[in-house]
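Asker: First to last, the protein sequences are chains W, U, G and B. Heads up: take any position in the first sequence, counting from 1, add 285, and you land on the working numbering. Heads up: take any position in the second sequence, counting from 1, add 285, and you land on the working numbering. Heads up: take any position in the third sequence, counting from 1, add 285, and you land on the working numbering. Heads up: take any position in the fourth sequence, counting from 1, add 285, and you land on the working numbering.
Quick caveat, the hints were computed from the structure, so don't treat them as lab data. The beta-carbon is built from N, C-alpha and C at its ideal position, and this holds for glycine as well. Among the hints, erroneous ones may be present.
Claimed, not checked - If the Cβ cut is set under 10 Å, some of the chain U residues that face chain W in the computed set are:
#1 Trp446
#2 Thr488
#3 Arg491
#4 Val562
#5 Pro564
#6 Thr652
Protein chains: 4
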Amino acid sequence: MTMTASPVKIAASDAADQPTRTPELDALYRGFESELLVPLWTEIGDLMPAHPRSKALPHLWRWQDLLPLAAQAGELVPVGRGGERRAIALANPGLGGRPFATPTLWAAIQYLNPGEDAPVHRHTQNAFRFVVEGEGVWTVVNGDAVAMRRGDFLPQAGWAWHGHHNATDAPMAWIDGLDIPFQYALDATFFEFGPDAVDNLETPDRSRSERLWGHPGLRPLTHLGPTPATPLLVYRWEHTDKALADQLALEKEGVAATVEPGHAAVRYTNPTDGRDVMPTLRTEFHRLAPGTETTAVSEVGSTVAQVFDGTGEVVVGDRTWTVERGDLFVVPSWQPLTLRSEHGLDLFRFSDTPVFENLHLHRRQETDRQETGR
Amino acid sequence: MTMTASPVKIAASDAADQPTRTPELDALYRGFESELLVPLWTEIGDLMPAHPRSKALPHLWRWQDLLPLAAQAGELVPVGRGGERRAIALANPGLGGRPFATPTLWAAIQYLNPGEDAPVHRHTQNAFRFVVEGEGVWTVVNGDAVAMRRGDFLPQAGWAWHGHHNATDAPMAWIDGLDIPFQYALDATFFEFGPDAVDNLETPDRSRSERLWGHPGLRPLTHLGPTPATPLLVYRWEHTDKALADQLALEKEGVAATVEPGHAAVRYTNPTDGRDVMPTLRTEFHRLAPGTETTAVSEVGSTVAQVFDGTGEVVVGDRTWTVERGDLFVVPSWQPLTLRSEHGLDLFRFSDTPVFENLHLHRRQETDRQETGR
Amino acid sequence: MTMTASPVKIAASDAADQPTRTPELDALYRGFESELLVPLWTEIGDLMPAHPRSKALPHLWRWQDLLPLAAQAGELVPVGRGGERRAIALANPGLGGRPFATPTLWAAIQYLNPGEDAPVHRHTQNAFRFVVEGEGVWTVVNGDAVAMRRGDFLPQAGWAWHGHHNATDAPMAWIDGLDIPFQYALDATFFEFGPDAVDNLETPDRSRSERLWGHPGLRPLTHLGPTPATPLLVYRWEHTDKALADQLALEKEGVAATVEPGHAAVRYTNPTDGRDVMPTLRTEFHRLAPGTETTAVSEVGSTVAQVFDGTGEVVVGDRTWTVERGDLFVVPSWQPLTLRSEHGLDLFRFSDTPVFENLHLHRRQETDRQETGR
Amino acid sequence: MTMTASPVKIAASDAADQPTRTPELDALYRGFESELLVPLWTEIGDLMPAHPRSKALPHLWRWQDLLPLAAQAGELVPVGRGGERRAIALANPGLGGRPFATPTLWAAIQYLNPGEDAPVHRHTQNAFRFVVEGEGVWTVVNGDAVAMRRGDFLPQAGWAWHGHHNATDAPMAWIDGLDIPFQYALDATFFEFGPDAVDNLETPDRSRSERLWGHPGLRPLTHLGPTPATPLLVYRWEHTDKALADQLALEKEGVAATVEPGHAAVRYTNPTDGRDVMPTLRTEFHRLAPGTETTAVSEVGSTVAQVFDGTGEVVVGDRTWTVERGDLFVVPSWQPLTLRSEHGLDLFRFSDTPVFENLHLHRRQETDRQETGR
């Protein structure tokens, strides 16, 4: 190794739980530094807290602020090879200016002008798109053209080729969610360029994936065996909306169908194994009937949510926001979340929960709001 | 033990692979008999054949023969506690007169008159109903009333309470499939009586289970975790029909969507894990486009199939039948099956395949028909 | 079909739960017979009992009766191609003289003279050997020669090539356990002949499989991924004995280590997945400390057990036997089993439990002996 | 939010793949900053490389440098509540001075003087100890005292109570491995204090866990069902050594038993499911026969290794070191690793591979060394 200064700096301290400051201790610490060593006893408080204390902060981004900036980018920033996407990411104020909504999740608004193509590429990151308003873009995944329309959820497995094409004469914006920060932190990312333009310009109403996989409980015999990610490339709003309406109607009939009174919810799942749509991402849609308040819940792992419709109040830890269509907010690990709505609220959310469940690190706790210090 | 005669009888033989007949051998065999012992060397040919040689035979039952007998039973045989069901089972000609379609599968026609109730009970046997024609009965499973209509497939997990109620003024017949012979052979059966009449006389168009579970890829958050059997109590014909039509249309567009040219097929699956609807039964629907002939396939395990629509020719081992709506036939283990149809054929089939797959005993082989001796 | 008499015979009955006998009913039943149909209502009592009622009976075979018959067979019956094995199977008195210890399990005593070879073959049946006394035979599984010695348990996966070779100048007897009746009932059997003599005459103290797989918790990197059956071809007595002794010693130190007071037990497991050694067979060794009586337990599925050492009393349903070394007994499905021993008892047992667990059909119940009618 | 400066800073650039610098673009970027937004097109090169490009660097720490510093800490730094452990962690030179050997793995030398106790605590981090030399400490895990001796590997599941106690009159040092950086990055950490002194001062030769779980392939009936982490608290050197010697001996006999010629290896596994000992950590022991060179392998995820015995050369990416007993080195994600040894080399290694395998992100590639630029 060249004789550069060591990046390690250890400060002796007078704190009660630290060893007494002496010249010998100082010499020892200098020895640690020169050998690239760090003692546990000076770091343990930060490394091993009693419960998760994320550097990420609760934060809200308002759609009415985001959308105009995206539209402006639509005028100033071309989309094409190299930059790849006209996507603008949420940067959590606690994460040092990096484009990370949470330590594991990427959330961005993407914007495509009439006739534009976002070029084809693939990457190991798992991704999805969610459409809060508008339509007109077809995303082409492994050659299958999928229409994007308000309320649709479009998962896209890691390493699938994909590009986007705006086939209409109006611009369109939507939300991208990915596990970029997670794979970045773990050094797991691979990436490959494909063609500069999308390779299928058809604009079918139903994609091939829907025709093969969109029939409830029915599996094509050509495609048996579980796949790590869902083969269904779009979960249409009409189904989500109906499922939620059914739950609330069943609740009124006395059937146990909702998470809690007035709170309907569905999870998007992989029909080949009934698990989450992708190995690292959980995605759900929640509906609050008018006058509903959810139980405060803390979970290991982080969440990003977007209001789809309605209005309400969101409480994350010690923050409270009034929200409306398109607003996005972040729930850091172990911060309790409560939703309430007077007139009804529809909410899309995604999280990194499958990572923790798969590795036996998940915990969940219903919290008494009064105790969380609001 | 009382001094009854031993059930064991061992005959010495002059066959080349048998020990030489001597008085001593005879005495040895008598010794075996009195101690309830049987040597392998006299039995191995039957017990350990080179490949499965089922005692069950290929056989066809014609709907036009079955239905009138069922209707007659509808006049002569009351339905109620004790007999439990007006169900008439297929008895494979190779299985000694027992009501077993195959060594593992039960298939029966059930018949219910206007206003009649098949009383509530539950059993460990996994069951399903399939409706080849007619409508008007609601099956009530764990209190959920489910309409039965032509083309519908209704799985019903072992140990679920269930009864049937004819809410119309016309009789209705349908097919029951169960794993009765399998659980009988293995001594696994439990059974309990419930109320004499069904406990929910509602006649909803959609059952609760469809409202909770019938939305493609969407899972209610109230019901997470896999369940051994599907929570969706009915797979409606409209979805099955559309899925098959989609596969054939995709095939025409050049997309790999069918089992083989002109042969579309779906498997009914459990949305909680993507596997078969029940742990012991595989259920599928196949559609042959006009002019299609399927590859001959041999599989470990047995199959029962019912023609849903159209006409065609069925070849099972050395038997060939011309079939039409409602006809039922049996494919014993390892007998090759071929289907062909000039004008199109829709077929429902079920089998015990999950048993063999779960226990690592499954084998499948595509067979050249010319060699199978037709 | 040729005009043979139908195997189906349906008798009208005057029982309260049967339809009234009339000429019309009789005609209907004749119609059923000619169409190979059987009504549920005449059969349900046998087919669907409230709990398993096995045709198999509890029974005991005494080693002192078996061994001399096996030795006599050693003189009169050659071992070789065709008969394949000098194996003599237990025939449950309730199973019609078939060589089936239970509806699913085969248990036999096998006997090999000095210098003899049991020829090489393979079959889909899962098998094992257990040695209650003696030594001198090497079983050769897929070319790996494995010494068989008192107390050793030797599992052998379906479809593995295997033969046996007596390399000493004394005969040897042991117990074979297989799932022959299970695979016979289900038509799942395949069989192939190999060489007439074993292909490896080495007599190593440790087999290759032990050298690769016999180190606790350590897995060779050359063999990753689970395998349906254990790759460890022998579980040596010294380990089993020590594990049981350790459990009883831990119990004395106050550690929860035994099934119940004085009752130690181990299950033989597949080190690649921690599950049973083979997909259809559970195998265990139980040790009762002097003065122990086990809780009566009923289980779905059947068990065969052999006393390895010591003496005791065995209660199966309404049967009670005093047992000693080598004695074999059968526990039919759902019959409660109790063991008791004044001076200590070592017992090997095997069952079909994995079949039921895999198919979600398993039930287990601790029974109050007083109520079982002894 | 208070009016602090935004942490986001976006620099316009003249690079070819960046939008043209204009006052309008500048204004847009200022708008992004004030709304906590970051565009993908300025970040994609760093975030989405063609293959993993870890900030972590290959690095070697020499045991002869580490051990004296640890001994010095033994004199200057007390061990007790608060600091919890006298552990000194490797700080990868690429990771900014943090005590992280890699982005996911913690590796430290821990040192305990005669009579000292490392106080009891528990945490969600998975951990293990590996002993390269010395003995005398008992680690007490959930009340079970486990002797630590040269060559022993001691896994310890997340959330298990544990403390260490030096029962001899000599100090002892060993290596700790944990997933601290991984759980830190993901905000998954929980921690609880237990008693200040270990609660079991016994010094048994075999721990309870070994007596229950240390018998190959044998499972106590009291503990069925898989557990996320291994219940066996120590894998003794005598078994590891013998397993490796057996592999090399089998190789000489022509049996496929090694990873590649001269390269024996075992993975420590959880006997309840055959998988890795803990959900986030893979642990293995490798032995190179004299004159062996391993194939260069690149893997997603990072590895830390310690030389246990012998000498050799280690090549990681473009770094090459000569290594001897106790030396520790780091392999960052996707950097190819080669080992070679003239006189024989024993190596312990651990990695985060299960994380990637569980999440379908694992890749592995055998690399031609000539092309890696040495």
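Asker: If a hint holds in the structure, say so; if it doesn't, say that too.
Answerer: Hints, one by one, checked against the model:
1. Trp446: Where the cut-off is 10 Å and the nearest Cβ of chain W is about 16 Å from U/Trp446, the hint is violated.
2. Thr488: violated, 15 Å
3. Arg491: holds, 8 Å
4. Val562: holds, 8 Å
5. Pro564: violated, 15 Å
6. Thr652: With a minimum Cβ separation of about 18 Å from chain W (threshold 10 Å), the hint on U/Thr652 is violated.
Violated hints, in rising order: 1, 2, 5, 6; the structure is consistent with all others.
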